[in-house]
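Student: Protein chains in written order, with this note's numbering: chain A, 256 to 361; chain B, 748 to 1063; chain C, 622 to 991; chain D, 2 to 560.
Just so you know, the hints here were simulated from the structure itself, not pulled from any lab data. Note that the Cβ used here is the ideal one computed from N, Cα and C, for glycine as well. Among these hints, one or two may not hold up.
[Unchecked claim] Lysine-lysine pairs mimicking DSS-like chemistry, simulated, CA-CA at most 25 Å apart:
#, chain 1, residue 1, chain 2, residue 2
1, D, Lys29, C, Lys676
2, C, Lys676, D, Lys502
3, C, Lys674, D, Lys29
4, D, Lys18, D, Lys29
[Stated by the list, open to error] Residues from chain B that keep clear of chain A, each with C-beta distances beyond 10 Å, as calculated:
#, residue
5, Thr828
6, Val854
7, Leu859
8, Pro936
9, Gly960
10, Phe978
11, Ala1018
12, Arg1058
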Amino acid sequence: MADNHNEGHIGYPGYFGVFAILVAGTIFTYFSSFWDLDSIFPGANTLLALLIAFTKMTCVMLFFMHVYWSPRLIWLSVVASLFWLAIMFAYTMQDYFTRGSGVFSS
Amino acid sequence: MASHEGTHEEFHYHAPGLQHQFEDMKQQEESVSIGMWMFLVQEIMFFGGLFSAYLVFRSRFPLAFAEGSNHLDPFWGGLNTLVLIVSSLTMALTVFYAQRGNRNMQVLMIVLTMIFGATFLGVKLIEYTDKYNNGLIPVTGWNKRIKDTGASEHTAETSPAKDAAFVLPLVETRTSAAESATHEIHPNPKGEFQWNYGSHVFDYAIEKEKTSGKAYLTQSERIGYFSNGAFDPNKYRDKIRIFFYIYFVMTGLHALHMIIGLGVMVWLLWAAFRGTFSSDYYAPVEMSGLYWHFVDIVWIFLFPLLYLLGRHFLHS
Amino acid sequence: MQTSSWVPLFPEAASSFAWQVDALYFYLILISVAFTIPIVAAIFFFMVRYREKEKFATPDEMHGSIVLETVWSIIPFVISMTIFLGGAYVYYNQYRMPEDGMEVYVVGKQWMWKLQHSTGQREINELHVPVGRKVKLTMTTEDVLHDFSIPAFRTKADVVPGRYTYLWFEATKPGKYHLFCAEYCGLNHSGMGGWIYVMEQRDFDNWLAGNESGGTPVQQGQDLFENKLGCASCHAGGADQRGAKLEGIYNKEVRLVGGQTVIADDAYIRNSILNPSSQIVEGYQPIMPTFKGQVTEEQLVSLVAYIKSLSGVTGAAPTGTGTTGSSTMQGTSTNTNSTVAPRADRGNSNTQGSNPNAPATRPEPGRNNQ
Amino acid sequence: MQNVDAIGSADLTGPTKTNYLSNGFTLKSWLLTKDHKRIAIMYLITISLFFMAGGLYAATIRLELLTPDTDLLTSATYNKVFTQHGILMIFFFLIPSIPAVLGNFLLPIMIGAKDLALPRINLLSLYIYWIGGALTVYALLQGGVDTGWTFYTPYSTTFSNSYVMAVGLGIFINGFSSILTGLNFIVTVHTMRAPGMTWFRLPLFVWAQYATSLVMILGTPVIAITVLLLAIERTVQVGIFDPAIGGDPILFQHMFWFYSHPAVYIMVLPGMGVVSELISNFSRKKIFGYEFIAFSSIAIAVFGFLVWGHHMFVSGQSIYAGMVFSFLTMVVAIPSAIKMFNWSATLYKGSISYDTPMLYGLGFMGLFLIGGLTGLFLGSLGLVVHLTDTYFVVAHFHYVMVGGQVIAYLGGLHYWWPKMTGRMYSEFWGKVSAMLVFIGFNLTFFPQFILGYQGMPRRYASYPAELQVLNIFSTAGASVLAVGFIMPLIYLVHSLFYGKKAPDNPWMLPGLEWRTSSPPPTENFEKMPVVTWEAYEFGEESGLDLDEARRRESVTTVS
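Please build the complete structure, drawing on both the sequences and the hints.
Tutor: Laid out in structure tokens, this is it:
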């Protein structure tokens, strides 16, 4: 966290720049959802939308939430929580994805 | 909810000045910010549970999810996203001015943040009302009860019923939010969850399967939508209902966080108005900011995951 | 299970892969002993050898040793990997379904097992299988999670509503083995068990042919009531039971739901067994499954005789009371798919039918005054 | 509160300077305190009550199982009894036991801080705990809950006709109590360490608490949301767990065990921390392989999140998932093994004294060894198919939970009792009860391993007659165990009034908590300590005046 008030923010241009990115991202997400990317491979639409969402999240975290200027511990806790989310999703889904081929169900 | 009393504590917790257990201001600020981040970590995991539930059912019944999602209105959803982003900006600026010790701009920014936050909730209210009118709340009896006569209990006037030809749900629900009467009124005496919008995404997928050899239905869908061989609208409706259940739980919890955020803002406004914060002491502003931005981030993910599924099925 | 020794240490092993499980078990016991003895011995030795001689002594320091740490990290890891591989191998044998298995359908229900052979015979809480044949169970449940567990065969599998799960075994020893429900399923969980009868092929064929054992109608009825049909799981007394009390009802008036009363005579008892929901006794839920097609005419007679005997009345019942005679004639093998082999996904959203405690009927006790 | 005020008044008699107990006697000074030590004492009293309640349930269970039939209890009652035993013991005793009582009291002192970093949050967590506990107790008094502590759907959502909602809400609320505690500990360890107290000078107890807190932060929110979904589904009959409407009961198990398996480590890691303290201090020898024990705690905390599926090997999850989870289960066994070896090695060439806490410590080593090894049985796929849901599982987790956490908790309680209350307990009775607990425990739970392999399913109110003999053993052992647990209650309370005053450092140990008065003053230290010694140094460099201590000792022994 910012110790003195000269760092820990990026001034008007920075804030509005980030803001612009976020708005652009939102609009892009909106319209991209109308393209049939799923014909490329199923879930491509969602993938794209999520990529944009991640970019937006990164912007907000780094600059609005000042992670960029924060001690390593903060970085660590952010990364760790995302990592644990990944664990939860991955290990839950590995069951569901292998279910059909599993001998328990037909 | 207890966790949020938790946040409140975070904020009451440092009145200006040094707490007895700390040596200096730096140590106190450091502790508070780490504490806040740990709190955010647990918030992430809290929503994470919901997201994994979403993930499981989305991967099992993508078509039903797309079907349901097509009845959510991306216009309102997108609008809300923008509103939240703006409020995030103003919140960030609040911290900026707090660091600068600029009291008036602080107050202004906090007020703006609160206005946008309230706007967000207002829009959600509109959306929920639409669901209420169209019998899309998954709980029996929580929807508008419409007598078999076709006239609703609340609004006596009935507009000319449109034939069931399915207009783009995008357009339809936007208007339907305003007056739910423009499309056919479906009797719903018990206020049950009902799905009167056909199985367009499903039909589309089947069509695609016929034309292109590729499989468009998942294993669970081949079991979950059919009863002995034939497509079963009821079973399809049940899957759509799961989508709306997840939609309401997720957005509901998110809205709850917004409300708590607003509560925090009220306190923050009061403190800022009294000129509590200076370039040396602005931790509470920053902490409230972190919370506010977190709620924003959650919505950044909710928007595409709930509102924009399979749009292209019907709109490309 | 063996009852010879007064304290049983080891369950009977009666399936083709039971020995593998036992082997794994002994391997692990071996490892445990191999770890426990040195450590405990060392601890005791240290405890004696290095006991406090002088108050507040300061023995010379000793920091860790990387070598030791690596050694006692690697060795357990290697051993645990052998355990994992062995376990995975056995697990695979236990759950890889045979192609040529003899099919049996299993439906769990609070609190009884309903089984049906592919040849049509139905059983309740009992399963007769031939020795030396692979048997494949296709299982699901009408209500909550259950678990079909046969310790003597060293296998079990949860039974999940809305899904099929599978289990297979090949019995190697004729005999009578415990069947348990191993997943907690509510009130009478510990009563939801039965027996697996492993028979020589010849006896099994006889059994399929359906030879009834001897005994008076009342005895047979009691057997049916308590074991074969599992009526007892709901109707055997007790304040918490879900089924109507049967003691002393014979030829008494019974108040039905809806107010009217009937005399509980043979015809009524018989009708209640065959289509229970038609005449519900006041104060009970319509949850009893129909036994139509599962009980033969003879069995009905014995059942009625037994229920009469509960009221102290003896004497066999008149066969085939005209009222329901026709409905009982549909044979066992005709409606195979009706009760067993359920849908893989119960689509309709009201399944509270078979559910005693659905909030629709009996909500959270806090919110009503029961 | 009775005991607590009594502690204070007992302390008044001495000429001591004001400590945290004598600093205000009004109820208000307790209920609104920000002092971590007073909060710890209040936790201690509450969880002791919950422990007694849970213990009564346990006794009832063993009595019912004395005979094969359901003669003492009906099945309905039995189901409620074992459910409530589980819920009280796990959510309201085991999880808060060591962190909320010993951790709360000692963590700040051990790192040389005046208090936890967020004292109000600490108090808040106590109140949240009380609210959650009150709700649960209310539900139990109303008629209890019969779903088993695992709340498996669809039984808990649709079929159970008991107070699932109230209890679920209680657990939901209680969860935030442990979240806030964990949050507080993490912040404190990061920011509140005294000058010179580097990470590798931290006592291993602190390391264990830190690892536990990580699990609390990352795991507990998930059970919160899971219970919330369960509650919604139960109230409005719409949800994602009931297959009747397209839901999936297995998903509930995934979400439940994502927390509840790591929770097992919440329940044993702090115990390991306590035992590291006991073993090292009572053999007056630097712990063997400090770094390895410290990092193995963290490793357990991390790997603990990767193995939850081993509770679901027969639940209908895919076998491939089963194999992955089994593999990781084997991996997570390694750190525990490392700890075990290091503890044993620490005894080597020590100067071991057999005070009560050390007896508990050694007992822990024995029991946890068996608990851990039988864990391998349950991690090995082929075997677990036969063993899961039988008494083997029951025996295993009691060896880990009771033989691990409860024993360690008692050991720690005895170890720090002089510091917490300023009174010495009766060493003789302490030793006797330690012995009784050890013997009674083994007699109770070892037969259950055999029962388990026999195939006796858990949660059975009645069982096949041929299994009675072993059950009689078990019940007999339980009665011994009960005596062993009741005795400390008596002589510890007795010591509050009649115990002789405890010196500041009865065992001449180097830890910071022994360098302040007993009981400590409100801000823990007269002046901020500066740490110049490594952890577990018993020699001169620790700055302890051992000769003085020996002289004092000889005097006391002569007189």
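Student: Quick check for students: does the CB of Phe978 (chain B) sit more than 10 Å from each CB in chain A?
Tutor: holds (21 Å)
Student: Verify this label for me: Gly960 (chain B) is non-interface relative to chain A, using a Cβ-Cβ cutoff of 10 Å.
Tutor: Holds, since 13 Å exceeds 10 Å.
Student: Are all beta-carbon distances from Leu859 (chain B) to chain A longer than 10 Å?
Tutor: holds (13 Å)
Student: Just double-check Arg1058 (chain B) for me: nearest Cβ-Cβ distance to chain A has to come out over 10 Å.
Tutor: Its Cβ does come within 10 Å of chain A, the nearest being 4 Å, so this is violated.
Student: Would you assess whether Pro936 (chain B), listed as outside the interface, keeps its beta-carbon beyond 10 Å of every beta-carbon in chain A?
Tutor: holds (36 Å)
Student: Mind checking the alpha carbons of Lys676 (chain C) and Lys502 (chain D) for me, to see if they're no more than 25 Å apart?
Tutor: holds (20 Å)
Student: Minimum Cβ separation between Val854 (chain B) and chain A greater than 10 Å?
Tutor: The claim stands: Val854 (chain B) keeps its Cβ more than 10 Å from every Cβ of chain A (closest is about 18 Å).
Student: Are Lys674 (chain C) and Lys29 (chain D) close enough, with their CA atoms no more than 25 Å apart?
Tutor: violated (49 Å)
Student: Are all beta-carbon distances from Ala1018 (chain B) to chain A longer than 10 Å?
Tutor: Nearest chain A Cβ is 18 Å from Ala1018 (chain B), so the label holds.
Student: Compare the distance between the alpha carbons of Lys18 (chain D) and Lys29 (chain D) with 25 Å, and conclude whether the hinted pair is satisfied.
Tutor: Satisfied, since the Cα-Cα distance of roughly 22 Å is no more than 25 Å.
Student: Taking the minimum C-beta separation from Thr828 (chain B) to chain A, is that value above 10 Å?
Tutor: violated (5 Å)
Student: Would you mind confirming whether the straight-line C-alpha gap from Lys29 (chain D) to Lys676 (chain C) stays at or under 25 Å?
Tutor: violated (44 Å)
Taken one by one, the earlier hints fail for this structure at numbers 1, 3, 5 and 12, listed in ascending order.
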